[in-house]
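S.K.: Below are the chains, spelled out letter by letter.
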Amino acid sequence: MEKKKNKKVFLKVVIIGDSGVGKTSLIHRYTSTRFLQDFKPTIGAEFSNKEVVINGKTVVAQIWDTAGQERYQSLGISFYRGADCCGIVFDRSDHSSFENLDTWKNAFLKHGAPKEEGTFPFLVIGNKSDLDDGSLVKERDAQQWCADNGNLEYIETSAKDNTSVEEAFTKLIEKGMEREKVNLVELPDRMSQKNKTVNLQRDVAKDVNRKPQKKKCC
Amino acid sequence: MEEALEEYDIIDSRNDNLHHAKPEDHTKTGGLIQGALNTIKKNFNDVKNKLHGKTTPQKTPKVHCEEEKVAKPSETKKPVGSEDSNKQSKTKNIGRKTLPKELGENKYEQAFEEDKLEEGFEEFDFHISLAKSISQKLRGSIEKKSFEEATLSELQAQVIEESASGSKLPTKDEENISDFEMVSDIQCIFTEADWREFLENPPKELSEIQERRIIWSIKMGLPDRRRGDIWEYLVKVNKYKKKEERSYQDLLNTKDVENIEYTISKDIMRTFPELDQHKEDISTGNNSLFNVLKAYAVYDPDVKYCQGMNFIVFLFLEKFDSNEERAFWLLVAMMKHLRWRKLYKLDTPKLITMLERLRKRLIKEVPEIYNHMVEQELPIEGVFAPFFLTLFLYSTPVHIALRIIDCFLYKGEDFLLELTVKMLKLQKEKILSFVSDCGPCFELQMYLSKNLVQECCENKTVKSILGRPEVPEVGIFNL
Numbered sequence: 045m046e047k048k049k050n051k052k053v054f055l056k057v058v059i060i061g062d063s064g065v066g067k068t069s070l071i072h073r074y075t076s077t078r079f080l081q082d083f084k085p086t087i088g089a090e091f092s093n094k095e096v097v098i099n100g101k102t103v104v105a106q107i108w109d110t111a112g113q114e115r116y117q118s119l120g121i122s123f124y125r126g127a128d129c130c131g132i133v134f135d136r137s138d139h140s141s142f143e144n145l146d147t148w149k150n151a152f153l154k155h156g157a158p159k160e161e162g163t164f165p166f167l168v169i170g171n172k173s174d175l176d177d178g179s180l181v182k183e184r185d186a187q188q189w190c191a192d193n194g195n196l197e198y199i200e201t202s203a204k205d206n207t208s209v210e211e212a213f214t215k216l217i218e219k220g221m222e223r224e225k226v227n228l229v230e231l232p233d234r235m236s237q238k239n240k241t242v243n244l245q246r247d248v249a250k251d252v253n254r255k256p257q258k259k260k261c262c
Numbered sequence: 004m005e006e007a008l009e010e011y012d013i014i015d016s017r018n019d020n021l022h023h024a025k026p027e028d029h030t031k032t033g034g035l036i037q038g039a040l041n042t043i044k045k046n047f048n049d050v051k052n053k054l055h056g057k058t059t060p061q062k063t064p065k066v067h068c069e070e071e072k073v074a075k076p077s078e079t080k081k082p083v084g085s086e087d088s089n090k091q092s093k094t095k096n097i098g099r100k101t102l103p104k105e106l107g108e109n110k111y112e113q114a115f116e117e118d119k120l121e122e123g124f125e126e127f128d129f130h131i132s133l134a135k136s137i138s139q140k141l142r143g144s145i146e147k148k149s150f151e152e153a154t155l156s157e158l159q160a161q162v163i164e165e166s167a168s169g170s171k172l173p174t175k176d177e178e179n180i181s182d183f184e185m186v187s188d189i190q191c192i193f194t195e196a197d198w199r200e201f202l203e204n205p206p207k208e209l210s211e212i213q214e215r216r217i218i219w220s221i222k223m224g225l226p227d228r229r230r231g232d233i234w235e236y237l238v239k240v241n242k243y244k245k246k247e248e249r250s251y252q253d254l255l256n257t258k259d260v261e262n263i264e265y266t267i268s269k270d271i272m273r274t275f276p277e278l279d280q281h282k283e284d285i286s287t288g289n290n291s292l293f294n295v296l297k298a299y300a301v302y303d304p305d306v307k308y309c310q311g312m313n314f315i316v317f318l319f320l321e322k323f324d325s326n327e328e329r330a331f332w333l334l335v336a337m338m339k340h341l342r343w344r345k346l347y348k349l350d351t352p353k354l355i356t357m358l359e360r361l362r363k364r365l366i367k368e369v370p371e372i373y374n375h376m377v378e379q380e381l382p383i384e385g386v387f388a389p390f391f392l393t394l395f396l397y398s399t400p401v402h403i404a405l406r407i408i409d410c411f412l413y414k415g416e417d418f419l420l421e422l423t424v425k426m427l428k429l430q431k432e433k434i435l436s437f438v439s440d441c442g443p444c445f446e447l448q449m450y451l452s453k454n455l456v457q458e459c460c461e462n463k464t465v466k467s468i469l470g471r472p473e474v475p476e477v478g479i480f481n482l
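Chains as they are written, first to last, in my numbering: chain A, 45 to 262; chain B, 4 to 482.
Relax, there's no trap hidden among the hints.
Taking lysine-lysine pairs in the BS3-like style, the calculated list, with each CA pair at most 30 Å apart, reads: (1) B/Lys269 with A/Lys94; (2) A/Lys204 with B/Lys453; (3) B/Lys353 with B/Lys246; (4) B/Lys207 with B/Lys239; (5) B/Lys269 with A/Lys182; (6) B/Lys258 with A/Lys84; (7) B/Lys433 with B/Lys363; (8) B/Lys453 with A/Lys52; (9) B/Lys339 with A/Lys84; (10) A/Lys154 with B/Lys348; (11) B/Lys282 with A/Lys204; (12) B/Lys339 with B/Lys242; (13) A/Lys149 with B/Lys269; (14) B/Lys428 with A/Lys84; (15) A/Lys94 with B/Lys433; (16) A/Lys215 with A/Lys182; (17) B/Lys348 with A/Lys84; (18) B/Lys433 with A/Lys52; (19) B/Lys431 with A/Lys94; (20) A/Lys84 with B/Lys431; (21) A/Lys154 with B/Lys363; (22) B/Lys453 with B/Lys269; (23) B/Lys353 with B/Lys431; (24) B/Lys269 with A/Lys84; (25) B/Lys428 with B/Lys353; (26) A/Lys51 with A/Lys94; (27) B/Lys353 with A/Lys154; (28) B/Lys425 with A/Lys84; (29) A/Lys149 with B/Lys353; (30) B/Lys453 with A/Lys84; (31) A/Lys94 with A/Lys215; (32) A/Lys101 with A/Lys159; (33) A/Lys84 with B/Lys353; (34) A/Lys149 with B/Lys348; (35) B/Lys269 with A/Lys154.
Non-contacting residues of chain A with respect to chain B, defined by C-beta distances greater than 10 Å in every case (computed): (36) Phe79; (37) Gly100; (38) Thr147; (39) Gly156; (40) Glu160.
Because the hints were derived from the structure by calculation, they are not lab data.
Just so you know, even glycine gets a beta-carbon here, dropped at the ideal spot from N, CA and C.
Taking the hints into account, I'd like the entire structure generated from these sequences.
M.R.: Right, dumping it as structure tokens:
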């Protein structure tokens, strides 16, 4: 592999939220700069990569799109693990998706089990702002919820109009990078875990919960 | 009975352990396949000899379907020692096992004795290997005719031509192999007319040969125009319909509970979004997809609605010309007869069991692939859950998914697992060639979720797992 001057930072971004709030559309808009009307509901989970330069650093963001239906949360454990940051999306025209923010945040913390439960970087995203007919979830209410839940940051987007989509993901990635920095100091040996052979004699359950290792590419 | 159902998954996974506890199982299966291949070999040569006017020392070949004869391919390879009697009885069981009182009735109870399940897999392997070789022989020669229309003489001629022209057919064989079982099996495939006749008055108890005919017909591909009817038969729609007092209309007219209509409505436009069907405004009451899903949500409060069901119902509606009632009862029967509702129930218990079984089998049988997926940071849940939840409709061309669903409705979840493992084994080299040096491998994800099934099951590929060269479907699913 050719060596580049800048070291790439590798980040795992997980996007969660109710079914139909626009998670796939947001990710698609960000990674391929298009808006597609015809999406299938996400079943299982898919990721896509996006390489961006943030603060002079090249970052490869691995963005995980997850199923929104609540009962698939039982599968969440494998997708949430190892996340560096998490975007919780709600549909501003669907108040129930706003009310479910609690559930999503808790599910993520439970299944993803990040070390810093209290300070893990979340970004709350209010999508479908283009549908403004006066009945949208108000920014004030969303800000209030964020304030009550550990001073989370909030952003309003529209995947359809491409409003603030890039901004939202940039914020997310920045948050992830900050966390990574802290963790790198805290866990210096993380970077040396290059050897990733799997011992099949090991308990299967351990493999299930195996945390994807962070690594830097050169 | 319900309790028994609930225990199903426990037995399920226990059985899975049993299955994997014996490494020699696979060599047994290998022996059986070898036996089957020997039989084919013998048959080809028999046909060849006969046509060349040579006499064989064996009895007259019997090609009649009514001949109640059971293939005993493994007899040529009797294992020695204490296993001998065990193996023999197993061989006989291949015939017996396929003769439940009602097709599929008690199938699972029986199947979950270790031996039975093992037999199921052996039988499956046997049929797959036969189907593979037959489809290879037939490809090209009868491409313009549907398989059902091909006559025995054409098939024989083709086989002989292949064998005479010094093809890859082996030339050496043993003496005492029963005759023509394979050729008679081909002839025994139900034609569309056979199906019509059979379904008009299906027998309460299937004869051995009927059972074999059905298995073969499914393996080789069902006639599309009869598919809906056959599916209804396979999962015993009438039985489950009779048990229910409420009518479809009653269920449909039940008032919305727990906002389920809203949940369903979010997915209507997103089910096969590229197609125009079933996109009507829900408020008109004319959206069949919505109606069936809503009625089911009322019918089965433990499941209500779960994403994945929408794709299946869409397909059912297509097979029944949008007849909501038939699609609904087929859904009900599938959910109950195959205990498939546990896949969608809250917390998706069967999905978790199936993924766990898949994981264990990969670790046991193709650890390279399992390791590779771990190294490439692809959780098997993300990739394979849609296979099961949508019965492969999520990202597989529909004409292939249809064939998979044919087999699934007959054989149940084991078929889906078996198929998935087989596909991964078949494309092992390719799968291992996808490597990312930075983070999870995007190409591997796309390959596994989008191209794998097509490559393994498509008629045009050399190694078609499903066997029969596909006759192109007409209509909307000709994607």
